[in-house]
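Novice: Could you put the whole structure together from the sequences, leaning on the hints where they help?
Residue numbers (the numbering used here), protein chains in the order written: chain A, 1 to 225; chain B, 1 to 225.
The hints are simulated quantities; they were obtained by calculation from the structure and are not laboratory data.
As the structure is a prediction and not an experimental result, all values here were calculated from the model.
A portion of the hints provided could be inaccurate.
[To be verified] Label-pair restraints from in silico Cβ distances:
| # | chain 1 | residue 1 | chain 2 | residue 2 | range |
| --- | --- | --- | --- | --- | --- |
| 1 | B | D147 | A | E36 | 43 to 49 Å |
| 2 | A | E47 | B | K13 | 39 to 45 Å |
| 3 | B | N61 | A | E10 | 25 to 31 Å |
[As the list claims (entries may be wrong)] Covered stretches of chain A, going by a simulated chain B footprint (3 or more residues, C-beta under 8 Å):
| # | stretch |
| --- | --- |
| 4 | 60-74 |
| 5 | 118-129 |
| 6 | 167-181 |
A virtual CB, placed ideally from N, CA and C, is assigned to each residue, including glycine.
Protein chains: 2
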Amino acid sequence: MQRHFDKELEGLKTSLIKMGSIVEESVQLSVKALLEMNLSLLEQVNENEDRTNSLEIEIDNTIVDILALHQPVATDLRFILAAQKINNDLERIGDHAINIAESVTALYKKGGKLELISIPKMAQIVEEMLGNSLDSFIHNDPKLGMDVLGNDDKIDELNRNIFKCVVDRMKDNQNMIETGMELIRISRNLERIADLSTNIAEEVIFIAQARIVKHHAGDKKEDTA
Amino acid sequence: MQRHFDKELEGLKTSLIKMGSIVEESVQLSVKALLEMNLSLLEQVNENEDRTNSLEIEIDNTIVDILALHQPVATDLRFILAAQKINNDLERIGDHAINIAESVTALYKKGGKLELISIPKMAQIVEEMLGNSLDSFIHNDPKLGMDVLGNDDKIDELNRNIFKCVVDRMKDNQNMIETGMELIRISRNLERIADLSTNIAEEVIFIAQARIVKHHAGDKKEDTA
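Specialist: Here's what the structure looks like:
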């Protein structure tokens, strides 16, 4: 019985890792499409969206089944409750990748010279945060999770600076308004991906240490821009 | 034993109802502050934020305790898993109310004549959706939950129209840029509250009917503006 239960937990973890690698790919591709203005990369992002939507429901159903059948306690229970949250966080990260993809398409259609300000730098840090949060989950490494939390303030600041910079440009040149709105949208969605990566890291820490580190900085807001 | 368990489930529901009524108040006050340009209403919104942050953690801990102690199955298990999601949805709604409050403060400081376009209409529908999703949870009424789902497209359309209208005004008058950014932010946060109300309604339907109605329209995206 116990062996069977362990196998199911392993299966749940494997599904989440799969979900994580799909949304990670979507984030990387949508950012790459932006940097290279290459729309063909976005096809995969849209395909991934369908896969993550199905996978999210599949994982949720697995969680209900495991809880009902095995009635786990202690670390196993914490793992499963965290799995439910991570599942939802990953699905939302996939949604933000789609939003970035939409903005890239809009920018491509608009054409013209594009200055990305510090968006490439921001994207690099966000991709690293997402990668580390997934690694911390895969290797059950709360220390790596703590590293992710440390980057959140940096991203908030980059997001605020990009916002200000774009608004200034829009004031100088009204032709910049539509382009500027898309840049702000991309920056905001990157910030949200960083925030959700932070959530995942917090869940890993919760699994390992059975303490809730949410609201750690007293200020974890949605969608700060 | 069973009677004790029922009491704990009742307690969990009561805590969620309390959480719901606090975030509902925050949404109403932040909208009222916008319509009346009355910043004094926002003090309560900020106080509520601290309360919901603590309450979210408290409810999450209660859920772990109930699952570990009573190992519920069937409807009770579904209720508890839905409770975890609703808890998170409500906390996020509170965050969006704070975002609206921040934008109201920024608009107040900026001064000048303010045209809210169809934001008041949108806010009215969103408040109704949130109220109905909470009522559907309180009275375990999936039919009312279905009504909430029906409004989501209307809100998406209002959000898109407000966005376009504001961008047009920004193009006509660069003095409108900063005000316009705040209006778009308010509209987007209202749209997110509608989306989270939809999530809550879906959870109520899940509890009642044990079927997952997520991704019902094939297109449930985060943060569409």
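Novice: Indicate, hint by hint, whether the structure satisfies it.
Specialist: Hints, one by one, checked against the model:
1. B/D147 x A/E36: 43 to 49 Å: Given a distance of about 45 Å, which is inside 43 to 49 Å, the answer is holds.
2. A/E47 x B/K13: 39 to 45 Å: Because 40 Å falls inside the window, the suggested range holds.
3. B/N61 x A/E10: 25 to 31 Å: Between B/N61 and A/E10, where Cβ atoms are some 27 Å apart, the hint holds.
4. 60-74: This one holds; 9 residues, not fewer than the three required, reach chain B with a Cβ under 8 Å.
5. 118-129: Result for this restraint: violated, n = 0.
6. 167-181: holds (count 7)
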